[in-house]
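Take 963 as the starting number for the sequence shown in the numbering used here and just add one per residue.
The set of hints was computed from the structure by calculation and includes no laboratory data. A quick note: this is a predicted structure, and the numbers were derived from the prediction, not measured.
Heads up, simulated SDA-like pairs for lysine to any residue below, C-alpha to C-alpha not over 20 angstroms straight-line:
1. K1117 with F1107
2. K1006 with Y1115
3. K1007 with K1140
4. K1007 with G1037
5. K1000 with L1177
6. K1166 with H1139
7. K1140 with I1008
8. K1007 with H1139
9. K1000 with S989
10. K981 with G1037
11. K981 with A1084
12. K1166 with G1003
Label-pair restraints from in silico Cβ distances:
13. K1006 with D1082: 30 to 36 angstroms
14. N998 with K1080: 24 to 30 angstroms
15. T1132 with S986: 32 to 38 angstroms
Cβ atoms here follow ideal geometry from the backbone N, Cα and C, with glycine treated the same way.
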Amino acid sequence: MFKKKKNQVDNNVRHLITKINPKSPISEQYRTLRTNIKFSGVDKKIRSLLVTSSEPAAGKSMTAANLAIVFAQQGLKTLLIDGDMRRPTVHYTFRIDNLRGLSNAVIDSLTFEGIAIKSDIANLDIIPSGPVPPNPSELLASQRFEDGLNHAYEKYDMIIIDSPPVLAVTDAQVIAHKFDGVIIVARSKQTETEQLKEAVELIKRVQGDVLGTVLNDVKKTDNHNYYYYG
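Build the full structure now, drawing on both the sequences and the hints.
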């Protein structure tokens, strides 16, 4: 059991390509995504992002993590929040503990800044999910979560939250309107077109601003690992 968990951690760390190999073509694609997001804010400055997917195992968590890193590498004070309190992974990815996190911040009215953990990447702070609560969607829909988010804007230039899949639970829908933009991640040859369309419609229905979609796991022969389109 311990060996399996260790392998899971190592596997997640290896996927932080923007950290271990920032000059790679894949890292460059993440920087291109960062640029596209910035230009998506025609009428407003994009300072917060919700990253989700239509279904599980689409790669949303790794997309959120690597995207947070490239924003931090640009010199922006960045906060990555693990908002997937049902199946959290950010603490595995960055090798930090998950004894306290988002659930504690909301329940105990703690500031996001106060509960955030400094990562080993300059300008990047992380809030893990914390202990799994019985009511994640209710915590996210609470005024306490919104207050924590609003206070975080005073310190951070960019806030990114990794949210559960849209079609699986309601978590992403209840907070989508609280973020400047939403990125929906899809996996090549796995995500069905109808699933993706439904996810987009659900986010738009709650006044979420869908900036675009990231398609990942594209064949290496195509010379890229994801494609962004609005």
